[in-house]
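K.L.:
Respectively, the protein sequence lines represent chains A and B. Going by my numbering, the first residue of the first sequence is number 1, and it counts up by one from there. Going by my numbering, the first residue of the second sequence is number 1001, and it counts up by one from there.
Bear in mind the hints are in silico, worked out from the structure with no lab data behind them. For every residue, glycine included, the Cβ atom is placed at its ideal position computed from N, Cα and C. You can trust all of the hints, since none of them are fake.
Per label pair, the in silico range of CB-to-CB distance:
1) B:Leu1096 with A:Pro100: 14 to 24 Å
2) B:Lys1047 with A:Pro100: 27 to 37 Å
3) A:Lys35 with B:Leu1022: 25 to 35 Å
4) A:Ala183 with B:Met1204: 50 to 60 Å
5) A:Ala168 with B:Lys1178: 50 to 60 Å
6) A:Tyr73 with B:Val1024: 23 to 33 Å
7) A:Ile93 with B:Leu1096: 27 to 37 Å
8) B:Gln1116 with A:Lys35: 28 to 38 Å
9) A:Leu176 with B:Lys1099: 27 to 37 Å
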Amino acid sequence: MEGLSPWVIFFASIFTGNILLVYFLGMCSFLSVSKQVKTSLGLGLAVIFVLTITSALNYLVYYYILEPLNIEYLRFIAFIIVIASAVQLLEMIIERFSEPLYLNLGIFLPLITVNCAILGVSLFMVIRQYTFIQSVLFGAGSGIGWMLAILAMAGIRQRINEDRIPPALRGPGIALVISGIMAMAFIGFSGIVQIQ
Amino acid sequence: MILKILITTAAMSGISGILAMLLVIAERYLANYGECNIIINDEKELKVTGGATLLSTLGSNKIFLPSACGGRGSCAYCKCKVLEGVGQLLPTEEPLLTKSEIKDNVRLACQVKVKQDMKIEIPEELFNIKEYLAQVELIKDLTHDIKLLRLKLVEPDEIKFKSGQYIQLHSKPYDDVKESVSRAYSISSSSSQHNYVDLMVRLMPDGIMTSWVFKHLKQNDKVKFVGPMGDFYLREGDGEMIFIAGGSGMAPMVSLLHEILTKKIDRKVTYFFGAVTKKDLFYLDEMKEFEKKIQNFSFVPALSHPESDDQWSGETGLITEPLEKYLKQIETADVQGYLCGSPGMINACVEILKKYGIPGERTFFDPFA
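Produce the entire structure from the sequences given, and follow the hints as far as they go.
P.N.:
What follows is the structure, encoded as structure tokens:
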């Protein structure tokens, strides 16, 4: 992957390889927190922050500790520990500096720890053999893509709030149908640039 | 092979260790809010270290808001007005506050954290709540699972309380329990006794506090408690008073009866007491004394599961049954209900009182959760 420009990876991870709508990672917070645009925005920003930081940290941990020692098979555990601490750190920082964000986000922060999109990005980064710069931009791009998807979802859900949805489909049901349709719409981007 | 295992272990511990260190440093510098001023009722000013909850910060400065649940955000006793220096309402407070309380800036002190200078308002009488050092004068069995505890006051050596109020007893660490916990117990002694308080402690399976009282507390031991607190006391009125209690719920009723006796209150009192078997009954002699001395007082014990050798001729069934039987016969227009016991018992009895025309405004109890 040496030759690929980091910016290509950045834009590709937002649109053509959207972590949520193409790989369907990070679904649980996507479904539970996408009821209001305001809270979705907060969660989305937190995911961008955590993804950017953790992909950088995990890159260092993988290539400077795990690989030289030949213990790559422990990457799952190592990545999870790094992610969990980063999320905790983020929680303390938010609590200190932004009260409203803490209120709207505080209860959802533990959700980010177990958000598989975050572990997924770190694992993709290893599989696709990105360089450091590529990894960081891939993390940031995936975060922005995730936020884009959840914001669109929250906007749609706010609008359909008043609609007459069949009882059986209310809540997560209609949300899954909508995310399926959104995923199909995102296929439209796939011709622009391809990363694997 | 062994080298590989060692390297692997060292690497993983190293990663975890460094991250843990980072978190500790962050905790030290990020979660540290420095010195804050708290102004209470526009008169008293406290200098405190920020970071902890308002309830515990006030507590460490000897101002005690009532709290029956110990800061878990379930009893909502620690309500106070926070006028300045606090953020928005937290999701944990919202369900426990009414709309008008939210409008009046009422908050739960156990959920609000001190992060900057604050201005708060608390009821005047809470300034009376103090921390007392006391000595165990007497500890004796009332039944197989209820103990009477008499605490003689040492510092300060006098307490003033309304009969029916409760105190919060603080346990000491013992065995594997490293922390001190606090639990609410109603005072059973007369409010005219200022030198000691009596408590009735019922053994709870695996209860941190009750195991301590039952296994470790001895005569002459020193204990700490905070009080008095609570809105459970005799109300004005002319009509009959119905007392309903179960188990250690006996305690505040005894104190109320002492008050009725000393103040010569001339009202009819009927006391329904629920127990499982005869060995759960206690204070029968004391109740006979009260029946003799208080003209209009009658004591009605009921056993829910009398054993065959109990030779029980009194009321049987849950306490709700004799209560309902009694309510059917009387005029309930001015009747007041005073309850103390398990939440289940209280809820069931409040329903029955309501059914027979005694609404919530005339039933009184402290919901310890």
